[in-house]
Structures are given as C-alpha cells and as structure tokens.
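Enquirer: Just need the whole structure built from these sequences, with the hints factored in.
Number of protein chains: 2
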Amino acid sequence: MNLTQSGRRRFLKNTAAFAGLAAAGVRSASGQMANLNAPPSGEKDLHEYGARSHYETSIRTGSLGGYETTPTGPRQRDFGFRTPLQNSAGIITPASLHFIVSHGYDPPDLDPRHHRLLIHGMVDRPLTFSVEDLLRLPSVSRLHFLECHGNSAPSGAPTAAARIAPNATVQDTHGLTSCSEWTGVPLSLLLDQVGVKKGATWIVAEGAEPGKHAKSIPIEKAADDVLVVYSQNGEALRPEQGYPLRLLVPGWQGINNVKWLRQIKLVDEPYMFMMETTKYPSVHPDGTSRWFEFELGAKSVITRPSGGQELPSRGFYEITGLAWSGAAAVRKVEVSTDGGKTWADAKLQEPIARKAHTRFTFPWTWKGEESVLQSRCTDETGQVQPTINVIAKSLNIEVDYIRKTSAMVGDFNAIQPWRVDRSGRIQNALL
Amino acid sequence: MNLTQSGRRRFLKNTAAFAGLAAAGVRSASGQMANLNAPPSGEKDLHEYGARSHYETSIRTGSLGGYETTPTGPRQRDFGFRTPLQNSAGIITPASLHFIVSHGYDPPDLDPRHHRLLIHGMVDRPLTFSVEDLLRLPSVSRLHFLECHGNSAPSGAPTAAARIAPNATVQDTHGLTSCSEWTGVPLSLLLDQVGVKKGATWIVAEGAEPGKHAKSIPIEKAADDVLVVYSQNGEALRPEQGYPLRLLVPGWQGINNVKWLRQIKLVDEPYMFMMETTKYPSVHPDGTSRWFEFELGAKSVITRPSGGQELPSRGFYEITGLAWSGAAAVRKVEVSTDGGKTWADAKLQEPIARKAHTRFTFPWTWKGEESVLQSRCTDETGQVQPTINVIAKSLNIEVDYIRKTSAMVGDFNAIQPWRVDRSGRIQNALL
Chain G
1 MNLTQSGRRR
11 FLKNTAAFAG
21 LAAAGVRSAS
31 GQMANLNAPP
41 SGEKDLHEYG
51 ARSHYETSIR
61 TGSLGGYETT
71 PTGPRQRDFG
81 FRTPLQNSAG
91 IITPASLHFI
101 VSHGYDPPDL
111 DPRHHRLLIH
121 GMVDRPLTFS
131 VEDLLRLPSV
141 SRLHFLECHG
151 NSAPSGAPTA
161 AARIAPNATV
171 QDTHGLTSCS
181 EWTGVPLSLL
191 LDQVGVKKGA
201 TWIVAEGAEP
211 GKHAKSIPIE
221 KAADDVLVVY
231 SQNGEALRPE
241 QGYPLRLLVP
251 GWQGINNVKW
261 LRQIKLVDEP
271 YMFMMETTKY
281 PSVHPDGTSR
291 WFEFELGAKS
301 VITRPSGGQE
311 LPSRGFYEIT
321 GLAWSGAAAV
331 RKVEVSTDGG
341 KTWADAKLQE
351 PIARKAHTRF
361 TFPWTWKGEE
371 SVLQSRCTDE
381 TGQVQPTINV
391 IAKSLNIEVD
401 YIRKTSAMVG
411 DFNAIQPWRV
421 DRSGRIQNAL
431 L
Chain U
1 MNLTQSGRRR
11 FLKNTAAFAG
21 LAAAGVRSAS
31 GQMANLNAPP
41 SGEKDLHEYG
51 ARSHYETSIR
61 TGSLGGYETT
71 PTGPRQRDFG
81 FRTPLQNSAG
91 IITPASLHFI
101 VSHGYDPPDL
111 DPRHHRLLIH
121 GMVDRPLTFS
131 VEDLLRLPSV
141 SRLHFLECHG
151 NSAPSGAPTA
161 AARIAPNATV
171 QDTHGLTSCS
181 EWTGVPLSLL
191 LDQVGVKKGA
201 TWIVAEGAEP
211 GKHAKSIPIE
221 KAADDVLVVY
231 SQNGEALRPE
241 QGYPLRLLVP
251 GWQGINNVKW
261 LRQIKLVDEP
271 YMFMMETTKY
281 PSVHPDGTSR
291 WFEFELGAKS
301 VITRPSGGQE
311 LPSRGFYEIT
321 GLAWSGAAAV
331 RKVEVSTDGG
341 KTWADAKLQE
351 PIARKAHTRF
361 TFPWTWKGEE
371 SVLQSRCTDE
381 TGQVQPTINV
391 IAKSLNIEVD
401 YIRKTSAMVG
411 DFNAIQPWRV
421 DRSGRIQNAL
431 L
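If you're matching them up, the sequences are chains G and U in order.
Here the numbering used here is used: position 150 in the first sequence is 150, and no number is missing along the way.
Here the numbering used here is used: position 332 in the second sequence is 332, and no number is missing along the way.
If you are wondering where the hints come from, they were derived from the structure by calculation, not from laboratory data.
Heads up, none of these hints are tricks.
Below, simulated SDA-like cross-link-like pairs (lysine to any residue); rule was C-alpha separation at most 20 Å, straight line: (1) U/341 / U/384; (2) G/367 / U/138; (3) U/347 / G/134.
Chain G stretches covered by chain U per the calculated footprint, using a threshold of three residues with CB under 8 Å from any CB of chain U: (4) 92-105; (5) 137-150; (6) 227-234; (7) 238-250; (8) 317-323; (9) 353-367.
Note that the Cβ used here is the ideal one computed from N, Cα and C, for glycine as well.
Expert: Here it is, written out as structure tokens:
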C-alpha cells in the first residue's frame, strides 16, 4: 500500500504541491502542553473505556420524527440518522457513527443473557440459540457495508429537498451507508442444524422491537453468505445496530438486515410485509413498481473535498472517497475533475473485500478554475456506476421526473458530481 | 471466507457438536420487549454519537500508579491499561478498548487547530504541518497491530506475578496488543519535502505531553513504512492514542510509536534517551543487555477459551485467537489441544495484512478430558513462534530465571498454553 513510484513522482514533480500548506516555515509548537493540574473529569472511566476528544464534534444527523396517531394507537415514526462521511478515513465506520434507519422504534433493551433466537417453521428440529450458544459455534469475521436502498436517491419525501439542494453535504446525500467488520455465525450452519424441509423456499426474519420488523428473504441467499451477527468492529453490536443479534445480508438493501433478531421462520412463499409491498418498491411513471429487489448496485462517492466544504487556497489536494457494490468486490474507481470529460484511475487502498467499502485516493492540484469532481465505480462483475441520465433513460423517465417527484426511486447509484467554484466553495451538482 | 466444505463436514459429522447447546428446544423469546415508556436517558445524544449497551461491561484493566517524588518534583508514574482480548472478535480493536502504555502522562489536551508537527534538524527546509495540512496530502490506510515489547513477558516488576499466576486471563498475559485501521501520511513523503541532508542517519521523534517522550529511529525504517497518523478506525485518533497526531512504526516495539507527535528531528546518531538505554533493554544473567531492538517476533494466543473462563458443558467449542508478526504477514497458525503432542492448521480469517493481527479459528469438541490448548504462529518470513524452553535456551538461561527474576525480558513471544481441567476450568499453564 505504498504510494507507487510513478504516483509519488507525479505528486512531487508538481512544484505547487505544497502551495498554501507549509509556507509559514518553522513555528513553535509550544502553548499546547497539558495542564497537569486539571485532569479531565471521569478520568478513571476513560482509562477503562475511552471516549473521543472534546474537540471532535462530528455527529450523525437526522431527526426522530416523534409519534403519529394510528387507529391502533400512537406509533413512533420512521427515522434515519446519517454517517458523517465527510470526516471518514479508511473503510471502517466507527460503531458510534454507523447510520441508523429504524421503522419506528428505538433500540429495545434486550438482556443478552435472556435473549433467544428461534429457528422454526418448515424444519425438522426447531431450535433456540442464546448468544452464548452462538459464541461456541464456528464464526466468521467479514468486512461488509450496509446501505439503505434510499441512500442518495434524489427523491422520496420528506427529505428529498435536503438531498438535492446545492448545499447538500456528502452526509446529506450518501450518509445512509457504513462499513464494519462483522463477526457471527453463518446462517447456513444453523439451517443445517435445524434441517430445512423440502419445499421451504424463503425465510422470514423478525426483530424483537415493539414494531417487530420482518423481512422475507429467498433461501438461496440465506444459505449463501448471510450471517447471524453478534459483534461489530471487535465488540458487541451496538443497540442501534441490533444488540445482541442481527441478520447481516451482504450486499442487499439495508432493510433485509433485521436487527434485534428473535426468530427466523422457514416458509414456502414471501410474506408480503408492508415494507416489501408498499414502502420500498419503486413506483414508476406508468404506475408499475418493482417488488423484491435486493442487490445494491456499483456505487462510489468522493467524501473529500465534498459538498459544503471550501478549499482554503490553490494547490495540492488529495481527492478521496468510498466505492462499493452489492454484487462483488470493487475492481476499479475512476475520477474526473473536469465534469466527466476525462477520467483517470484512482488508487485503491487495501483491503479490497467483497461487498465492502473500498477507499480510493486521487492526487489533484487546484489552480483556481471551476472544477467538477466525480468518481465512477466498476465492480468485479463488470457493472459500471451510471450517470443520472443513464439511469433516467433505463427507467424510461425524464431526469426531471427524478427531480420533481417525491415517489421513491430506490437503489439509486448515480455518479455524484461536486462543483468547485472559483472561490473554492463546493456544491452538490447532481441536478 | 466461507467455511470450507471439508471444514463444515468435519463439524457436522460430529454428533456431539451441539451437545449442551440447544437442548432446551423451543423457548419463548417474549419478555424482552422494550419498554416504550422508559426511553434511555440522553437518547438524543445516542442518536448523534452512539454508546454500547449497558449490559456490556468489558473494560481495559490497569492502574494509574499515582505520583512519585523525584529531585525535580513529583512525577506521574508509568502506567498500562490492557485490552480485554477474551472478548475480542475479528481483528479490529475498538478505539475505546485499545491498550494504553504511558510513561507517566495522561493525554495532553491538544487543540488540533493549533497543534503543529515540526520536521527539522539535518534537512534542507524545516517545515511545520498542521493537521489540516496533513489532511490535504496523499494518505494511506493500513491495518496494523501495536504491541508493548513487555507484552506477555513472564517477568518485569511490578506486575509479573499477575501475568504468571495460574488464574491469569489473556487480558493479563497478552492485553498489551491491539489492532486498528490507521490513516495518515507516509513519513517518507514528508521527508522528501523537507529534503534530508547527507549524513542524517536517524530521526528523533518527540511527543507534546509534559514528559516529552522521545525515541530514536533509524532513517531506513522512517523512510520505509512509518506513518504520521491522524485517524484510527475511521475517526480521529483517541486522546489516549496520541490525538491529534502520532507516529505509527509498523511491527516495531510500541515505544517507537510516539504519541501527541510534535517534532521529528533528523540527526546523525541515536539520542540515547532513558527509555532506550535503561528501561527497555533486556538484561541478561551475565549482565549484558540488548540495546536498540525494534522488531517484534511471530506470536499468537488463543483468546477463547482462555484463562479464567470455564466450559459449561462437554461438546463443541470453536477455539479462536489472534496471531501477528512484526516482520510480515501471518502465513500459518497451528493449534494443539493436547499440550503440544499434535498440531493441526487453524483457519485464517481474511483480511490477512502485513504487521496486523490475524484472526484464526479451530473446531474442537471437548469430551471432558484434561486438555492443554495452545497456538503457534508462522509468519511469511518463516519465523516460527517458539516455546518458553526454546527461548530460554536461545538466551542461555534457565526457564527458572525467567520465572523468578523481575529483570525485564522483553520481546517475549512464547507459545501460551491454557490448561482445561476435568471440571472445565481454564488456567494459565505457561510456568
């Protein structure tokens, strides 16, 4: 993962490389010594379990939405909190900043000593598993991204306006994806243990929160790379991520990854839950909609420099971002700094894992001209991230329809352009 | 990273695989529903920046040590806090649980807007860099472990007793190593910018804490894979890990990885700091000691089942642990469950990165017999993790010397045996 010789030479050859960077020469680094007389409060606790610096203020953004009245009583509204990708580095999202989409419920308070996962339905031997049971079984650890299928969609009430606004940040546009190292037990192993009966073609997974979110998943996927996960980034799952157990369905729309997992039922048809039949299918202009779409497309976005940021001076900037695909590993990321006229390969950071975020970097020198920065992902299956125009064409709709309608267009993976104006200000240039 | 067919068959063929696991059959998972009327306090903050479940109590262990009187006034004692490896999963250590070794000082309160890194000495152009400057430069993200060279050493006052005790946990014995995804700028790039003068053969790196820990490092290493790091696991470095900047010296003794980095000076000889000449060199029985040892050896340890834990019943258990080497990537980990009489290859989890922890797993069925579990790492250079007897022989000392002396024997990478007795209790069996 060293800079290649040619890459380094390209960087160093550029005499403007450090313009605006270190012009001040030697400055004293004093004045920042610790004050030994004022230890931080709760010092002992921070040695036991640390916290970030009080200077760091990057947070998830979103709103809880409150409650709505329904015939059966008050119901907590859906809500989403977005990862601050503009401050991301590498491919790991800190658990504290992992995006949250919840269909109405804050994390239930599940005691891992009492929580059980039940696997039943069309099986030979229904079984329950405690967390401790699962910890004894063969485990795998894998790098995988999660993504809400509405992530980056330029439509969908009530937040579309914020996402297509010129001042949208990458957190606003793409903050509903995150990547972690997940550890758990392959679901295939548990299915082997319960003995799947002939004719069982789907699983239905259900959470333990009051709303009992449930999802139908074809058994081919369930027996492929799906995990029952108990750990994220080296420690127990966080409550917002399904503590103590969640389903991890690599590369598929976030909604499949059932949190607070309490049962998996083997069945012979999908159960047509509300989320599968009303909320999530994309409605097209001709009134049809696509049901049971699962796999997320090849996608990428530049995280820095990005919308809402400002270049303080001309000179060298590393362009960096994330790429991923629900189908495979990322093969290539190209970057354009001239609005798509010319493209060049970005450098990919290792590790490059299947169905995981991949970090890319690209050297760029800004000479003060207006520039449009964008990235394009190609995955190992050959899928190439499209422009918004290509997507509109393939759906047989006008870009204008995408701009104006609040109907959900999910699985939107268009190239994201950021416009740098002559003052260095960066804006969303998708529409 | 799927279980191999043969591995799965081996697991499933074993009819005792689930003994003691799911015997209870179908149990209700009710009674764990959330209480909507009692939302957790600080709820809003947890959506912005999450925290772990209140059921999770795994912590770093250690003690601050207080202050000692010196001719120049009170001095904070050295202290160490250990990572709870018994609860680890995958290879990422959560930043909140990363081990801490500090030579006398809690994190200084450094404001990243004002902090500067100065590179000077035998250079053409001394330069300072702010954190923002560094964020503009070509970056790399890498998985690397850190390890205190005293980690797992069965001697060294004042904590040797706890480490060689039969009831020592893997946190007690091996908790001074952790692994993260680090992001920063290659030091080689910064050295190219300042222009290293002929004759400069070492760098001296210094921290901004009151004690100004400093370390001499040969320039060959500095120009190889050393990083100036600003990010750990996707967010800013934690204060205990050097916020806002630290040196990352892959594969070398922890003490080289200067935290709160404020200056790097190019010099023509090592500076013989106290830590290099008195505290860290290993003293041998003949009175000689080794100076300027750097690279950590091939090492591994079983993290579960491990010391202090108890097997609740006979049946299947996955044995899992971590392996690493300061020289290269891990090539192979073998596991023995019979005290070293027979060995078999463990499965290595991807990613397997150079100078990073690698997670290994091994299926095991406990039939109630006394067992001694241990793992052995071989790295890509062919280095094989030795037994304590082999280490003693190579140092021309008796194992008894290692047991009894409190003289520091650093870089101790012996195979760690855990003894399981007939009741299922697990104890440290090193000595």
